[in-house]
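Asker: Letter by letter, the chains look like this.
Protein chains: 2
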Amino acid sequence: MPLTELDIIKTILDNITYKGEVIKGIGDDCAVFKVGDSYLTVTTDMMFRSTHLPDILTPFQIGIRVVTATVSDIAAMCAKPLGIVISMGLPKVERGFLLDLIKGIDCACRRYSCPLVGGDTNKAKELTLCGTALGITDNPVYRGGKVGEDIMITYNVGRVYCALEILRMRDRGEISRKTFYSLWEEYPDIMGKLLEPTARVKEGLLLNRYVGSCCDISDGLKKELFYVGNFEISSKKLLSAVPKDVIEFCDRFQIDPIHAALNSGEEFELLFTTRRCDKVVQVLKEGCNGEAWRIGKVVEEGHYLDGEELKLGGYIHRW
Amino acid sequence: MPLTELDIIKTILDNITYKGEVIKGIGDDCAVFKVGDSYLTVTTDMMFRSTHLPDILTPFQIGIRVVTATVSDIAAMCAKPLGIVISMGLPKVERGFLLDLIKGIDCACRRYSCPLVGGDTNKAKELTLCGTALGITDNPVYRGGKVGEDIMITYNVGRVYCALEILRMRDRGEISRKTFYSLWEEYPDIMGKLLEPTARVKEGLLLNRYVGSCCDISDGLKKELFYVGNFEISSKKLLSAVPKDVIEFCDRFQIDPIHAALNSGEEFELLFTTRRCDKVVQVLKEGCNGEAWRIGKVVEEGHYLDGEELKLGGYIHRW
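Chains R and U, in that order, give the protein sequences.
Okay, so the first sequence: first residue is 1 according to the UniProt record's numbering, each after it adds one.
Okay, so the second sequence: first residue is 1 according to the UniProt record's numbering, each after it adds one.
Think of the hints as simulated: they come from the structure by calculation, not from any bench.
Check the hints yourself; a few may be wrong.
As the list makes no split between identical chains, a pair holds if one copy fits it or if it spans any two.
Unchecked claim - The list that follows gives simulated cross-link-like pairs (lysine to aspartate or glutamate, EDC-like), each with its CA atoms no further than 20 Å apart: (1) K311 / E94; (2) K202 / E21; (3) K123 / D7; (4) K202 / E286; (5) K19 / D100; (6) K123 / D219; (7) K92 / D7.
Work out the full structure: start from the sequences and follow the hints.
Answerer: Listed below in structure tokens is the structure:
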């Protein structure tokens, strides 16, 4: 029987006997160490050309993505990026490809004030990138909300699902190449969030004092909600975080926008819990013209969407 | 024209414009940050099954190797390991393989007091491992010796070259399968250094106060010597660091032992410079029953072996 992602993680957890002195080991967005009076956070992210990077990404956008996906876990701890190292496995590449990849990395590093400080280059059968980012904070924010806290997300959710749906329609031959490009033109923000996502670093830093828990949305809101704990979500409230273009797109292609919102991965939005909703909204607005939406709350028991039980299930990676 | 490793590194260095606040960026064994009163060192190492891992390695030994190769760069800064994250790209693997891989990782983590604190697992076409290790020190030791300092190496050098030569003879069909296994039995320490190398963590910590520069031997002594600076090496002295089994093996297969010593990669010995040879020898002996050998000194100009110029050249990775 093929191993599932969960089998693999369980095998790792069950067989690592040496734990050392660490504040937080495997199991959150970042591992956390105490260094002097500060907390150091570290996270790693590996991606392969064929499985993690949509074919429409330019080399520049691939560079942006590897930094963004890695740094997003630093943002999820509400920590400040310190630096990143990137190991690269390169197949036969042209100088132009490499140059654009590096420029994309540099662009994102500047955006997040997170310098590239090292790496490793190797020959490989396909483009392979592994980023490891460090962050620093005096107050690391973990996953897992407390009963009674409100659950909120930054900005919006659902666009990446729609963008991938456009790619799926192309790949299944349901739309012509021409329609594909015209959809791309018609929904620039939907495609934009897939092509050039943003890690919510500024937002995480602004939120640090006002939140009880935080994670980033990389595997889809539904899966991440289970990390928060027990919850009650309202689809009406969730819809306030679903932007108009997603509503319109879903209407046009007969997709349930709540399904899109719950199953949209690599959004890199922050999902957090707080007792200070109003303050959070104000701080984000004033600090970076940011937004956050209350979508539900942490409850004693169960996982509910509009009073009905939500099951985790969904896609499980199999080997 | 295919890109060389140097082209790629140059492209990276020339196009990274955002430098941030970092004590040491790209270009040493580790990057270095200041955190409070401490210096944090970070290094990353990527390896692919087909290009970096000899086929005779067991899954357990692969686990040992990924930790050792990464932590060796922490040792090269004479820093103390803090923790490691390992991203894994896994092809269809059996549970037994995965279990042994994890046990090897755990075993090496314990040996170096360097806990595994995180990672990422992905499907991949071939086994791909990327380790990133953190270290901490109040005195990071960099590459690059000062004129007049003695050049020393820990323990011994040359065995990995011989072990790979045994593999090469097998692959070229120059020896039978039976001879291959009997050579393996005849030269246990030669094969052992390839199969289960050791990062010189304890030695690096003991040396911290007494050395002017340090790096580890991963690409072969010859290449690493050029990082030290200008040098004058004596083959007679170097031979004191070449163990008897290497001398015997080289004699038997008509290999120049100095060539083997200079071109033996992934030795993970420390190559360092010091003005206190005797103290270093004493400290290593008392601290961990360790050894180090003086092989030459840092000079004003040039790169000399027995008075003749040594050229870098050698193998360059091409893409």
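Asker: Confirm or reject each hint.
Answerer: A quick look at each hint next to the structure:
Taking the shortest alpha-carbon separations for K311 and E94, neither the intra-copy value of 46 Å nor the inter-copy value of 29 Å comes in at or below 20 Å. Only between protomers do K202 and E21 lie at most 20 Å apart by alpha-carbon distance; the minimum there is 18 Å, versus 30 Å within a single protomer. Taking the shortest Cα distances, K123 and D7 sit within 20 Å of each other only across copies (13 Å), while inside one copy they are farther apart (30 Å). Within a single copy, K202 and E286 get their C-alpha atoms as close as 12 Å, which meets the 20 Å cut-off; across copies the closest is 51 Å, which misses it.
Taking identical chains as interchangeable, the C-alpha atoms of K19 and D100 lie at most 20 Å apart only when they sit on different chains, with a minimum of 18 Å there against 40 Å within one chain. For the homomeric pair K123 and D219, the shortest alpha-carbon distance between copies (15 Å) is at most 20 Å, but the shortest distance inside one copy (29 Å) is not. Proximity of K92 and D7 under a CA criterion of 20 Å is satisfied inter-copy only: 13 Å between copies versus 34 Å inside one chain copy.
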